[in-house]
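Asker: The primary structure of each chain is shown beneath.
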Amino acid sequence: MDRSSIYDQHLLLDCMLEMGELLLDCGAEISRVEDTLERVGKAYGANRVDVFVIPSLISITLNFPVTIPVTETRRISSTGGTDFYRLEKLNSLSRECCREPLELEELRGRLDRVAAGRKPFSVVLLGSILGGGGFAVFFGGTLWDGLAAAIFGAGICLLQYELGRTKLNTVASNLLVSLLTGLAIGMASGLIPGLHMDKIMIGDIMLMIPGLAMTNALRNMLVGNTISGTMRLAESLIWAGSLAGGFMVALAIVDKIF
Amino acid sequence: MIHIVSQLLSAFVGALGFALVFGMRKRYLFAASLGALLGWGVYMLVDALLGDVFLPSLAAAAFALTYSEMMAKALKTPATLFVIPAIIPLVPGGSLYYTMSYAVHRDIENARLFGVRTAESALAIAAGISIVLAIRELRTKRQ
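These protein sequence lines map, in sequence, to chains E and W. Sequence positions in the first sequence follow this note's numbering and run 1 to 258. Sequence positions in the second sequence follow this note's numbering and run 1 to 143.
These are calculated hints, taken from the structure and not from any lab test. Each hint should be verified, as a subset may be incorrect.
If the Cβ cut is set under 8 Å, some of the chain W residues that face chain E in the computed set are [to be verified]:
#	residue
1	Ala11
2	Val13
3	Phe18
4	Val21
5	Arg25
6	Leu29
7	Ile84
8	Pro89
9	Leu96
10	Tyr97
11	Ala111
12	Ile125
13	Ile129
14	Val132
15	Leu133
16	Thr140
No more than 27 Å apart at the CA atoms, straight line, and that leaves these computed lysine-lysine pairs for DSSO-like [as the list claims (entries may be wrong)]:
#	chain 1	residue 1	chain 2	residue 2
17	W	Lys141	E	Lys42
18	E	Lys42	W	Lys76
19	W	Lys26	W	Lys73
20	E	Lys119	W	Lys73
21	E	Lys89	E	Lys42
22	W	Lys141	E	Lys119
23	E	Lys119	E	Lys42
24	E	Lys119	E	Lys89
25	E	Lys42	W	Lys73
26	E	Lys89	W	Lys73
27	W	Lys141	W	Lys73
28	W	Lys76	E	Lys89
29	W	Lys26	W	Lys76
30	W	Lys141	W	Lys76
31	E	Lys167	E	Lys256
32	W	Lys76	E	Lys119
33	W	Lys26	E	Lys89
Far from chain E, by Cβ distances over 12 Å, these chain W residues were calculated [what the hints assert, rightly or not]:
#	residue
34	Met1
35	Leu34
36	Leu45
37	Val46
38	Asp47
39	Ala48
40	Leu49
The model shown is predicted, which means the values in this text are computed figures rather than measured ones. Glycine included, every Cβ here is placed at the ideal spot set by N, Cα and C.
With the hints as constraints, model all of the structure from the sequences given.
Answerer: Set out below in structure tokens:
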């Protein structure tokens, strides 16, 4: 393929931006995204690749021999959950590209397929049930507490799924979900004797806590991506704050009732 | 004894739940959840020897990362897949809850105590990970 043609260069850039956006959307670390894109660019014959990634923007400049450098940027609006399902596919796709560059049209098609593939909802639901229940017991709850946390975990999962479709921002949706969950757990443990409200809430807080975002943020900073690190850290502190706010309001209300 | 077993098993189940939520493929599920169980074992061991929150979290996080990199190499897949479930039990959800609960009940002293604890755990996890990363970087750069 003649990669010196303008059309091809833009197609390649488009593919790379798409790949970067998908990687960020799956929760890949910034350094991984930059590293992957640089390798792909080089594999397609660029002699210099400048990639700049922060959580809300990707900018790529490709230098090919002879022709003028091409640059494109893309604004990223997703907040990046964690999705191993697509992350793994992207990882093997980029490795394949680096071994032997795919035809650009084919690469584009494969990326579209990765973008369309979602982890099945039933698996996420099952995971929320096990996660909430498991951690309620882990933090000292009884098996009954675990069962209750599992049920509320399923509720959280459904609620988050519904809210996810409305494109509500993370702070607002965290506040809403934690408030509703806190109220529901408070009511249930007030009415059913023997349930420990604190353990059930802790189990379900674990499902929503941005502990991973925070750890990733610190990791970003430690490998030298200070901008992305501070951005993610601030973001995750705000999310944790909104989560805590919702639960605190719920706790205060439950306290007044019982 | 029962307490230890129930802690280890619930860490395993909880991590399995998270691995599912994150859409992990079936073939990695066991290895990933096992990392959480072993990591929590390390935490309890260091806790029994030295006490406190900081050092046990740090040791467990360092172990989790080492375990994940070994598994990643063996199964030829990114280490992130194993790190995240293995670290989940170390996330201070309990301390965060008690911080909020004491704050709501105007018990500022206890709220502060648990607040510091939450921050300490978070910092310890990051420190444990970065120590292992730094050592690995040193070794690869030298080669």
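Asker: Mind listing which of the numbered hints don't hold for this structure, in increasing order?
Answerer: 6, 11, 14, 16, 22, 23, 31
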